[in-house]
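Visitor: Chain residues, written in single-letter form:
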Amino acid sequence: MRGAVLAVVVLVAATAVCGAEIRRIRLCADPSNLPYSARQETHPGFEVEVARAIAHTLGAEFDVHWVPTAREVVVLRQLYEGQCDLFMGLPLTPAFRDDKPRLLFVGPYYVLRQAIVSPTVGGVRGIDELRGKVVGVQAMTLGDHLVYQRGYNRKVYRNAEELFTGLPQREVDAAVIDSPLAGWFVMKTPGFRAVEINDPARDLPIGAAVRKNDIGLKEQLDEAIRHLQGNTLPGILGRYGIAQASTPSAGAPLSAELRAARSTYLTQCSQCHGVDAKGTAAAANLHVFKGSEDDFLRVVRDGRPGTAMTPWKGLISDDDIRAIARYLKQLSTEAAR
Amino acid sequence: MGMVPRLSLVVVAFLSIFLTPVFVVAVDWRPVTDDRLLKAEADAANWLMYNRTYNGWRYSPLDQITTANIKKLVPKWIFSGGALGEQQATPIVNDGVMFMTSTAFGFNRVHAINAATGELLWKHERKIPEDVAALVRVIPHNRGVALHNDSVIFGTLDAHLVALEAKTGKPLWETKIEDYAEGYFVSQAPLVVKGKVIVGIAGPGEMGPRGFVEAFDARTGKSQWRWYSIPAAGEPGSETWGADTWKIGGGAVWHTGTYDPDTNLLYFGTGNPAPWIADMRRGDNLYTMSAVALDPDTGKMKWYHQYLANEAWDYDTVAEHHVIDVVRNGQSHKAVVQANKLGYVYTLDRVTGKFLSAAPFVKSLTWGKPDPVTGKGVENPGMRPTMGGPPVVVCPSLLGASGWQPKVYNPKSGYLFIPSNEFCMRYAYVADLTYKKGQLFTGVTAEHFSTAEQAGVLRAFDVSQNKVVWEWSNRTPLISHTLGTAGNLVFQGTAEGKVVAVDARTGQELWSFNLGTPQSGGIISFAVDGKQYIAVAAGGTLRSQVWFGKEPKWAHATKVNWSDLVVVFGLSE
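Those sequence lines, one after another, are chains A and B. No gaps in the numbering here: position 140 of the first sequence is 140 in this note's numbering, and each next residue is one more. No gaps in the numbering here: position 528 of the second sequence is 528 in this note's numbering, and each next residue is one more.
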């Protein structure tokens with residue numbers, strides 16, 4: 001039984017940690033979902049390895065409760081019911097958090113991006129080079145949407161396996177897919193390379209979750225992740241071909257409120273004003289907005305008559321508009337630095 | 001009727017899962033043969049299939065209850081199915097036994113009930129795994145059973161087809177249709193034609209990859225043929241899907257079809273294409289949003305007519321196609337008539353699929369209109385949402401001018417009774433950046449509202465004149481059922497919890513009864529021992545409550561509690 005194999009790595013080191021001692025951490029993970037997790041020794045998946053490293057840091061025993069994760073409801077129920085204490089690989093977006101009131105979130109421990117996979121020879125170095133090429137995507141994913149929005153030539157696949165079968169057979173010139181899947185494919189498949197796409201709107205900070213009442217565990221897990229940031233975490237991710245291991249924004253970290261505001265901005269405003277808010281042919285550069293927060297609220301709420309800026313009253317609440325104003329202010333300050 | 005052996009049976013309660021008290025009821029039960037299904041129209045006492053007859057009319061020839069004595073209509077018995085809302089089933093009656101389904105997140109139930117007294121004869125409960133797909137969890141529903149010989153056949157939330165022994169509820173066979181993990185499920189009542197159980201699949205359009213209709217041997221459950229509503233690569237029509245999106249093209253076939261023995265064709269309406277963002281699947285997206293005629297023996301498509309290409313608003317055209325002979329431009333046609341979400345009554349030649357006419361039946365119509373010659377939808381500019389852009393206002397709402405709620409045809413007056421809606425929606429594509437391990441990332445937002453004081457309008461549509469002849473109005477939209485009877489009556493349910501009877505000739509309200517819970521399932525008529533009854537399935541649906549959402553005019557209806565009932569009415573003695 002492979003679960004026992006993992007238990008062998010259990011670390012009983014008596015490292016004292018502050019607060020209540022965590023004696024054992026049991027992870028819910030999928031037995032067959034590489035590069036995320038797998039019930040095997042050589043490559044148990046980076047989620048399993050990260051969780052194991054966290055347990056090691058905390059001096060806790062570690063084992064895995066194997067459960068298929070394709071149906072989110074099933075695995076979360078295992079967590080709620082105590083079959084495991086920890087579930088990795090969840091997006092730390094406001095929308096997702098709000099949807100899961102029974103969870104406490106931990107991390108992030110890496111950032112998931114979209115990546116371009118193409119042949120090493122004559123391949124693609126950046127997203128603009130996808131123009132005129134046939135780009136394989138997994139249907140209805142962030143990558144699919146990205147290629148669609150760019151107006152490039154998509155070819156849709158139902159799942160990553162089909163896409164990674166079609167790519168070496170030259171059914172498509174390149175693929176755009178989640179960075180962990182891209183990195184893992186490239187590691188196993190000579191002749192292909194992966195390039196991450198720098199698009200902050202699509203960056204997803206990925207963390208983990210524990211039960212709502214396990215506040216002590218959450219704090220210690222967060223502490224352990226910070227402790228592992230330096231070497232261990234990049235090392236594990238690197239073994240699975242995931243280069244990007246740090247959180248995206250180089251500037252001051254955003255508060256929860258401003259992260260929510262960023263999400264609202266990106267979904268509601270960025271199509272015209274750009275993800276960097278520097279404006280497009282269709283709309284103004286918001287970095288040069290000189291008015292007060294009240295002025296900003298008034299313009300967004302009532303629109304600018306005679307322009308494409310329609311009134312957003314009733315669509316975005318006043319509080320949310322004010323939060324967007326504060327988010328943009330921070331964005332401009334950072335850009336000016 | 002004379003050729004059918006008449007067996008006197010003892011129906012003994014049998015429970016597949018739970019032990020409960022055993023009722024013993026003597027009933028004259030005749031097997032529901034293919035011949036009886038063909039002649040269902042004349043079998044006045046019974047309601048043998050979802051739409052009562054193959055032609056999809058939902059018209060009862062019983063005439064004991066009339067406009068003259070309707071005031072004497074009183075409740076006779078009430079049956080509780082034990083679920084909470086999502087009661088969308090139509091009761092099926094054969095020789096004094098009623099079969100009714102009740103559904104919730106977690107189970108599919110079938111009940112056999114003494115149709116004269118309401119006594120439970122047997123109950124079958126099938127547990128449904130909790131990891132069914134999202135839509136199934138949100139709206140777990142089932143629209144009823146099919147009968148064939150001595151078996152009761154129903155589809156499940158985990159995409160199986162199950163047959164039970166009608167007399168006892170004992171399982172006879174079950175067939176896995178598809179993997180529910182892919183998002184497939186069955187909500188429609190199956191249709192039995194020539195010994196085959198015909199089932200359309202639900203799920204695609206919102207979740208599953210491709211819609212289909214499949215036929216199974218009614219005796220064994222063995223698959224006979226499957227017709228996909230979306231052609232695969234290389235098949236004709238696949239070129240209408242940009243970027244290979246046919247693989248996930250949707251086109252669910254979630255409503256029971258109709259059948260014409262003369263043409264030997266099944267008529268189905270197909271659902272919306274996927275993904276919902278129309279521009280991500282450039283092309284006409286065949287055969288979504290279409291009428292299709294299938295050969296029941298082979299599953300081959302004889303013809304199709306696409307109502308709307310590259311559809312953008314979830315206006316599924318799955319409503320039943322009534323088999324009616326009509327006169328257009330002085331010429332008689334074998335036709336099918338569909339009143340659908342798009343707000344038009346479409347008439348097609350049922351032999352060839354040729355478009356004959358389209359006439360609007362609602363006023364709240366802004367998406368566009370059918371071309372008068374080809375019948376293909378021509379959109380008004382600016383009605384499509386843009387990605388992340390502000391909402392567009394478009395009418396009708398995605399619940400449709402008339403959606404899944406079946407329409408009724410009275411062959412004597414030539415009126416089609418349409419439970420219709422005057423409403424619109426604020427509709428937007430949301431670039432939702434939430435990521436859930438390979439699940440859907442993109443949705444839409446829709447807020448339903450009405451500029452009309454009375455959003456629900458029951459309309460009598462004269463099929464030969466191609467126009468509305470009378471209206472009966474209700475405050476909330478009619479996401480509820482309709483029945484026509486030979487007593488010159490039309491029964492209509494409401495989300496407020498009423499069932500009303502109106503004069504079929506004028507629309508004048510004659511009688512009403514407060515069910516105490518939203519009317520949402522089928523309304524049928526049947527007779528036992530020579531007495532006519534009206535059965536009303538009620539309990540509410542998510543559509544009638546939550547989706548009424550932010551429209552203040554409808555707030556009163558969202559407060560009515562959900563339930564799961566069949567209320568049976570008869571004349572007071």
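These are computed hints drawn from the structure, not numbers from a lab. The C-beta atom is built at its ideal place from N, Cα and C for all residues, glycine as well. Please note that a few of the clues may not be correct.
[Claimed, not checked] Here's a subset of chain B near chain A, in silico, CB distances under 10 Å, partners left out:
no.	residue
1	P61
2	K127
3	A133
4	R137
5	I248
6	P275
7	G283
8	D284
9	A527
10	G530
11	K531
Visitor: Is the shortest C-beta separation between A133/B and chain A less than 10 Å?
Guide: OK, holds: A133/B within 10 Å of chain A, min 8 Å.
Visitor: Regarding the hint that P275/B lies at the interface with chain A, is the smallest CB-CB distance below 10 Å?
Guide: With Cβ-Cβ at 5 Å, under 10 Å, it holds.
Visitor: Going by Cβ atoms only, is K531/B closer than 10 Å to chain A?
Guide: K531/B check fails; min Cβ-Cβ to chain A is 48 Å, beyond 10 Å.
Visitor: So, as I understand it, the hint says A527/B touches chain A; can you test that by seeing if any CB pair is closer than 10 Å?
Guide: Check failed: Cβ of A527/B comes no nearer than 46 Å to chain A, outside 10 Å.
Visitor: Does the CB of P61/B sit less than 10 Å away from some CB of chain A?
Guide: P61/B check fails; min Cβ-Cβ to chain A is 48 Å, beyond 10 Å.
Visitor: Should the interface hint for G530/B be scored as holding, given a Cβ-Cβ cut-off of 10 Å against chain A?
Guide: violated (51 Å)
Visitor: Take the shortest C-beta to C-beta distance between D284/B and chain A; is it under 10 Å?
Guide: violated (17 Å)
Visitor: With 10 Å as the cut and Cβ atoms as the points, is R137/B at the interface with chain A?
Guide: Result: holds, 8 Å to nearest chain A Cβ.
Visitor: Measuring from the C-beta of I248/B to each C-beta in chain A, is the shortest one below 10 Å?
Guide: holds (5 Å)
Visitor: Taking 10 Å as the limit, does the beta-carbon of G283/B come near enough to a beta-carbon in chain A?
Guide: violated (13 Å)
Visitor: At a threshold of 10 Å, is the proposed contact between K127/B and chain A supported by beta-carbon distances?
Guide: With a minimum Cβ separation of about 15 Å from chain A (threshold 10 Å), the hint on K127/B is violated.
Consistency note: the structure conflicts with the earlier hints numbered 1, 2, 7, 8, 9, 10 and 11.
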